[in-house]
Amino acid sequence: MKNRQQKLFTKHSAILVLMLVSIYSCAQKSTLPTPDMANVKYGEHERNVMDVWFADKSKPTPLAIFIHGGGFVSGDKQTKLNEDELKELLKAGISVASINYRFKSTAPLPAAHYDAKRALQFIRSKADAWNINKNKIAAWGSSAGAQISMWLAFNDDMANPESTDPIERESTRLTCVATKGGQTTMVSEFWLRHINNYAPGKEKAFLGNKRLQTFGVETIEESDEIAKTISALSIISNDDPPIFMQYSMSPDAPAPDSDKFQRLRGWIVHHVVFGIELKEKMDHLNLESYLYYPGSDSEYNSVVKFFTDKLLNE
Numbered sequence: 216m217k218n219r220q221q222k223l224f225t226k227h228s229a230i231l232v233l234m235l236v237s238i239y240s241c242a243q244k245s246t247l248p249t250p251d252m253a254n255v256k257y258g259e260h261e262r263n264v265m266d267v268w269f270a271d272k273s274k275p276t277p278l279a280i281f282i283h284g285g286g287f288v289s290g291d292k293q294t295k296l297n298e299d300e301l302k303e304l305l306k307a308g309i310s311v312a313s314i315n316y317r318f319k320s321t322a323p324l325p326a327a328h329y330d331a332k333r334a335l336q337f338i339r340s341k342a343d344a345w346n347i348n349k350n351k352i353a354a355w356g357s358s359a360g361a362q363i364s365m366w367l368a369f370n371d372d373m374a375n376p377e378s379t380d381p382i383e384r385e386s387t388r389l390t391c392v393a394t395k396g397g398q399t400t401m402v403s404e405f406w407l408r409h410i411n412n413y414a415p416g417k418e419k420a421f422l423g424n425k426r427l428q429t430f431g432v433e434t435i436e437e438s439d440e441i442a443k444t445i446s447a448l449s450i451i452s453n454d455d456p457p458i459f460m461q462y463s464m465s466p467d468a469p470a471p472d473s474d475k476f477q478r479l480r481g482w483i484v485h486h487v488v489f490g491i492e493l494k495e496k497m498d499h500l501n502l503e504s505y506l507y508y509p510g511s512d513s514e515y516n517s518v519v520k521f522f523t524d525k526l527l528n529e
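Quick note: the sequence shown uses our numbering, first residue 216, plus one each step.
Keep in mind that the hints were calculated from the coordinates and are not lab data.
Everything numeric in this text was worked out from a predicted model, so none of it was measured.
Calculated pairs, DSS-like style, for lysine-lysine (alpha carbon to alpha carbon, straight line, at most 30 Å):
1. Lys494 x Lys520
2. Lys295 x Lys306
3. Lys256 x Lys341
4. Lys319 x Lys295
5. Lys256 x Lys349
6. Lys274 x Lys520
7. Lys419 x Lys443
8. Lys319 x Lys341
9. Lys496 x Lys419
10. Lys341 x Lys306
Quick list of the computed label-pair ranges, beta carbon to beta carbon:
11. Ser463 x Lys306: 20 to 28 Å
12. Phe476 x Ser273: 51 to 59 Å
13. Ser273 x Lys419: 52 to 60 Å
14. Met373 x Ala344: 20 to 28 Å
15. Glu514 x Pro275: 21 to 29 Å
16. Pro471 x Asn350: 42 to 50 Å
17. Lys306 x Arg408: 41 to 49 Å
18. Ser273 x Asn424: 52 to 60 Å
19. Asp271 x Glu418: 48 to 56 Å
20. Pro376 x Ala344: 20 to 28 Å
21. Asp472 x Leu427: 22 to 30 Å
22. Arg384 x Glu495: 34 to 42 Å
23. Glu418 x Ser273: 49 to 57 Å
A virtual CB, placed ideally from N, CA and C, is assigned to each residue, including glycine.
Please work from the sequences and hints to get the whole structure.
As structure tokens, then:
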């Protein structure tokens, strides 16, 4: 009887420990301030939701949209959002919306981009109700989120004034955009040239079937046709907004150990060369751009400072 009681106590203790660990883990997943509005639906798909934090409900404020990264296959509007950036933006007087979007496993690119477009237009349609200055809206994100943010910023206005849907009649233009480790092009020629510099012989690992699945096509040529329509380097024009770009390596940084392919892959995918080429093109077009990396002399070194200047001081 005693042994049975001991076993039951041990079993129940183990369950309790697991429950406590689970609760603690959940608590550790996100320490973000509670959104003023959570899981607001902006579209039909289950991932077409956003969280919104208001900096000041008593007056119209600018708003920055966060678009998470994750290679278009993972990520979330809460877990990918930097707590310090969120708090600093709110303290500065800039409201924040963080969105989810469809993954490429559900719908190939550019479905994720179209979701972000819808989210931006939805927010503008709520400007009066939410007390948002619809003329001061920015976007930022890392990796895939950076790529989507640049597509929004550098595309011509995608508003459809003839639409019967009032949301689609809203402008998609941004005041400014910021990125971290962003891919300024998705076109294969650039990637092949870049891969050959650091990982010769690994082309198929980067541009094989996964690329075709990403775009939902059967050939590289077809993927490039779509890639051109969503790549900053392809769509940028002389009326586009300022950008602040961050990368974690300097232009002359040595590549990581090529035997650790996943690490090398991540390094190449987020390489500063993407930012260098976009800045060169923007300089040629006399557009405002800032590129920050270790050792750079950029005027800005943070998203918050950049957004504060562009959304509040201009």
